[in-house]
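Novice: Keeping their order, the protein sequence lines are chains A and B. Sequential numbering of the first sequence, starting at 1, is according to this note's numbering. Sequential numbering of the second sequence, starting at 558, is according to this note's numbering.
Among the clues, some could well be false.
[What the hints assert, rightly or not] No farther apart than 20 Å at their CA atoms in a straight line, the calculated lysine to aspartate or glutamate pairs in the EDC-like style are these: (1) A/Lys121 to A/Asp87; (2) B/Lys779 to A/Asp170; (3) B/Lys718 to A/Asp194; (4) A/Lys195 to B/Glu763; (5) A/Lys423 to B/Glu596; (6) B/Lys773 to A/Glu148; (7) A/Lys241 to A/Glu271; (8) B/Lys767 to A/Asp170; (9) B/Lys766 to A/Asp198; (10) B/Lys767 to A/Asp198; (11) A/Lys431 to A/Glu414; (12) A/Lys452 to B/Glu782; (13) B/Lys670 to A/Glu232; (14) B/Lys810 to A/Glu148; (15) B/Lys776 to A/Glu268; (16) B/Lys779 to A/Glu148; (17) A/Lys345 to A/Asp428; (18) B/Lys773 to A/Asp239; (19) A/Lys270 to A/Asp87; (20) A/Lys121 to A/Asp194; (21) B/Lys810 to A/Asp198; (22) A/Lys60 to A/Glu519; (23) A/Lys413 to B/Asp726; (24) A/Lys549 to B/Glu591; (25) A/Lys345 to B/Glu591; (26) A/Lys60 to A/Asp428; (27) B/Lys776 to B/Glu763; (28) B/Lys793 to A/Asp170.
Since the hints were made in silico from the structure, they are not lab data. Note that this is a predicted model, so its numbers are computed, not measured.
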Amino acid sequence: MSGYTPELKELIKKVEATRPTRVERARKNQHFPALTMEQRKEWLNKYHPDYKSDGRRAVKVGPNKGEVFPEEVVNLLESRSRITPKDIDLTKIDYETDVLVIGAGGAGTSAALIAQENGCKVIVATKLRHGDSNTVMAEGGIQGADQEGDSPYYHFIDAMGGGHFSNQPDLVAALTNDAPLVLHWLESLGLMFDKYPDGRMLARHGGGTCRRRMHSAGDMTGAEIMRVLRDEARNRSEDIKVLEFSPAVELLLNNEGRCSGAILYNLETKEYYIVKAKAVVMATGGFGRLHIQGFPTTNHYGATADGIVMAYRAGVRMKDLDSTQYHPTGAVYPEQNVGLLITEKVRGLGSQLINIDGEEFCFPLEPRDIESSCIIRECLEKEKGIMTPVGRVGVWLDSPMIEALHGEGTVRKELPAKCIQFKRYGIDISKEPMLVYPTLHYQNGGLQINDKGETTVPGLYSAGEVTGGVHGRNRLMGNSLLDILVFGRRTGLNATEYIKTGVKGSRGQGVKLTLEHVEKFEKELKAAGVKEPVVGPMILPEYTPDHVKKRQWGVAC
Amino acid sequence: MAKDKKPIKPLATGDKTIPPEGAKMIPIYIMGREYMVPETLTIMKATEYAGYQYMRGCGCRGGICGACGTFYRFLGDYKLRSGLACQTVAQPNMVIVQLPFFPSNRPSYNLEKLENSPHEELRRLYPEVFKCVGCGTCTRTCPMDIDVMDYVALMKRGDLKGAALKSFDCVMCGLCASRCPAQISQFTAAMFVRRLYGKYILPTAEHLKKRVESVKGGKYLKMLEELTKKNTDELKKLYTEREREPDLAEPGKWMPKDASHL
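Here chain A stands alone, though its shape is the one from the complex (with noise of 0.2 Å):
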């Protein structure tokens, strides 16, 4: 039984019928030729969603006013507040704690550790389960340069590298001292690595690396992460207090102008709730779930954006937030396989991408970026794509080709994981191609940080994928693991020196709380001539189909 329908079908034999003689010509090393670099330019101004200026524009207000960032962002970054600041009788505290963490990912999850373990309470809010985060769907695994032929400064070069130079320097070498850190305390908290009989860790090649330096748990090294810091959180109940199902909406300064707390806002009773704290680590992650421009994403539900929309009230300026990392090969067909990432791996073991009418339309081994370009180029431009039942286009990878030209056999071999996912609603990535299509992979920009995790508002540290800089506009596979536990790390650690060294004074007892930034910010977007803005942070994603909608009557919003 075969997953595609009867349609599908019949297309798939236009990719048979040119398969030989294009495994033919993949034996002699003829290859589509790649893009020079004047076409690489060309097809990244006009099809890649970063550069292209429609479906961008200028935020008109905050920090980074005059700046062009998707529409998706700059419409949340010119939101107003899900309350109405004068309402709120800000004497009345529902929590008080030394430390809240804001988002129960990879990243926060570590800051609460570490904090706690300096002697801090923690309160660790966020708007789903514990641990419902991208870094659960990291696959790939973790670097760190702890091979006797490597050192960080090899691993800071090859994350410049990979980040076109972009990146900021003072954190790519915080990420990269403290990355054999970072894997030694995952070892001690039991984490089940990779490793040879002797304990040596195994460590592998990722795209772009010069040494071997990616570690993992199996293909789910993400999972295990954040399954064993989240177990190590719960043994540390009586100082981490979680409150799932419970987003921060907005940041709360105090007089001084420092961040002390968070209003929150519990999604089931409705209630807000008043944090007080004496220091804040925002780690919401990243934005995948705007769908920018339409791409569907790889991202876990709550990925809205909550934690920049916060900020940025707040006057925190934010880096790179116009760049985006798209996968070049989502799954665009099994619906129920959508946004599910197909690795570099595939078109590494030979696959080409073909369209539909059984033509090669570019090289299959362009950078990300160049990758994904040709493909929408393919789809909008040439329309050369392959619909499928439910609306989405694609274009064919053809993994067959790898058992043509590795024996049969290959396929299962290197892509057990993905040889499942198919095989599951009936289809053989061995013997019929799969159809993919750019997904929205990883928010590069977000809060502007230093080395310390601290953000331009005192007393508000940030860490992982809500923040911008470490990775510049272009991120290495196995450094986004790293990143949320090197920063949420140094989080908890520089939160907790910055409460004991000032606590007497402004941190501690006689400051007044205070929502005044909302009201100017406010009063910016009516000044600005921003009419309508949308309510923010989104908090859930909204999949509502039309029918539905037209009949949801006097739902206000």
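Chain A is fixed; fit chain B onto it per the hints.
Specialist: This is chain B only, laid out in the frame that chain A set:
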């Protein structure tokens, strides 16, 4: 706002389902109420198509976070089935309920200071594990196809390595625990056992320990600081001239020609 310029409209539509004209519609029963949804959707997307906006019961949407454990039956069929809502295709006459949370037993412990041997600790914290009646319902229930009963048996026997490896794919959805007649929280016990295995049974990485000492001694700080001061051209040169460790080199044996930055 000037909105004359029409952006090129990508046909991809995020996660919102737009069925093609003439799509076959099938009846499903979400908590007993009938909805017509296009075929081929997952239970999760079918539920959204029906008009639900998830708050609980939805996480990664990729089969790894365990938020969307689901039970279902087909009308007229006695058999209770289970799966993850984001991975299971909705079929006609499915009667569906998700289980976004299940109370589980999870005693706290200090991994650094175990009071007994690992196996004894398991017995102390999870005595109920040793009361497994061997019915196999957990195994039949697991949406990840883990042989849960088997790893419970390994735990009882003291084969913690076996139990850790066998339970490794667990997404901690809790469906196993919800069906256990012996009231075992298999998935939390397995989490404990995996950490015991990772910390006390799996050998530690000696090369990593050494590297950590160097990092803690500040060995790389100066090197890294020098790098942060280099301009793009200097970095580009270092980047393009760097040696690449061969893919098949013996682990830990390969050395670059210039060892001054190790």
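Novice: Quick one: which hint numbers does this structure break? Sort them smallest to largest.
Specialist: 1, 8, 15, 18, 20, 25 and 26
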